[in-house]
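Protein chains in written order, with the numbering used here: chain B, 34 to 257; chain Z, 34 to 327.
Among the clues, some could well be false.
Reference excerpt, derived from the structure (chain B facing chain Z, CB under 7 Å, subset only) [to be verified]:
#1 83
#2 110
#3 111
#4 153
Output of the computed footprint for chain Z on chain B, the stretches with three or more beta carbons under 8 Å from beta carbons of chain Z [said to hold, decoys possible]:
#5 48-57
#6 135-148
These aren't lab readings, by the way, just hints derived from the structure by calculation. Backbone N, C-alpha and C define an ideal beta-carbon position, used for all residues, glycine too.
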Amino acid sequence: MRLDHIGKRVGSGATVLQAVSLALETGGFHVVTGGAGAGKTTLCNIITLVEPPSEGRLRLFDSDPYGIDRGARTALRRRIGIMFQDLRLIGRLTVRENVGLPLRLGGAAATRIADDVGELLAWMGLAHCADRPAAALSGGERRLVALARAVVGRPSLLVADEPAGDLDADAIALAMRVFQQVNRLGTTVLIAADNIGFAAGIAQRRYCLHEGRLAATATEAAVP
Amino acid sequence: MIGAAPAAARGLPVRRDRGLRLLVWVFALMSFIAGLGAVGLRVVARTEAAWRRAAGATMTLEIPAEATPARLATVLALLKQTRGIVAARLLTPAETARLLQPWLGPGAQLDGLPLPHLIDLRADPAVAIDFPTLHRELASVAPEAKLDDERTPLAGPQRTARAFRIAFAACIAAGLVSMIPAALFAAGSAAHADRELIDVAHLLGAADRDIVRPFVVRALRLGLAGGVIGALAAAGVLVALARPAAAFLPTQSAAGGFAGWPNWLLLAAVAAAPGIAAALAAQAGLHRRLAALP
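Let the hints inform the model, and build the full structure from the sequences given.
Okay, structure coming up:
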């Protein structure tokens, strides 16, 4: 995945991102940091095709996502797991239904959905709330459910915007185990967060955004 | 043995909105009104046709004896060009004498009498002749001509029938046209209630057709349920009216407008209309919403 001089303007022309260029190695574990308003969420949105860039060139899985037809762009989206900053769970659906949504939309068999979702929820310690509506969960549980939904389809690229959010220390450790596990299975991981202390030992490459510009990059030794 | 493929769970788990179920009754009312209007229009058309047939398909035009052959030819040409008259034939003197025999007696000598010329006209019962225009044109070429016009008394009932026709057409229009905003409301409400699901499904890689399909299917079911209820209610009214209507309608044929397979076809079309309208509205609305997403 490669971004070349990506820029994003919103509303009356305020610049949120400016000439951001970076490349995510396949199978790598990447972190984007930056303070509030640095442009992390916008960057995640552009990478996950939630919104198009105003300028620059985006390459995703060797394709120009905005140079292909809508159907092909939909196919690209299926290869991306997204953990939105605002989670975007469907409150009236149960945890099981929320997590199984990507598989369901991909046309998976009902038995496979039940098996995969059940196994994942059990592994993440969410089996007890599998049949509760998402709206009835605590903030931390909702965040873990959003993470489960992002990884259940074994995506090629996983983008998580502020995954630690309101998680306690145990839940953060659990989330990190999930990120590490999917990364070991070949998924490219990109985490965007204000503070990356929780991922400091894992990230192979760190990018720092400041006022919409890529301020610095650093390479770290991967910790298996 | 080949095992059955596991069932795919494709499709969005769309919200079951109880509020939208009220729209079933709105669709039912519209179908009921449109159904009655459609069948009423058919009954009026059959009644008018029966009146026309009852008034007779033939007429006679009498032209004074002194009319020249050229004038007679002009009158015949005029009649043949008149809409609703399918044949005009000048009776021979022998045919005219035979017609006059009952009034003049069997032994009457007609040779010296100035017998009028009679033209036998055959009319198309399905076409209304414009008699005022015909009278005016006849007066210009043969002022003394007298049309044995049995249809003139039909003018009043035909005016009444026209009023009924307009009223029934208005019922159909009101029923069908008001389905459109109801269908748009149903589609808009469903899409608004599930807007988060639509957006998330799109971002997770759902194809547009997979997002749209469950909304279209649900709108179709909603509209069809209302349409069938309304059409059944209209059918019930028709069955109840058929017997008393036979007493005041001019012929069995007109009364038959209350029954028969054309009515059931009309009601089936009316039953299907809300479903089709709702499904089309849902499809258009969802595609418009999805088109706004990247």
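Here is what the structure says about each hint:
no.: 1; hint: 83; in the structure: holds (6 Å)
no.: 2; hint: 110; in the structure: holds (4 Å)
no.: 3; hint: 111; in the structure: holds (3 Å)
no.: 4; hint: 153; in the structure: violated (16 Å)
no.: 5; hint: 48-57; in the structure: violated (count 0)
no.: 6; hint: 135-148; in the structure: holds (count 12)
In terms of the numbered hints stated before, the structure departs from hints 4 and 5, listed from lowest to highest.
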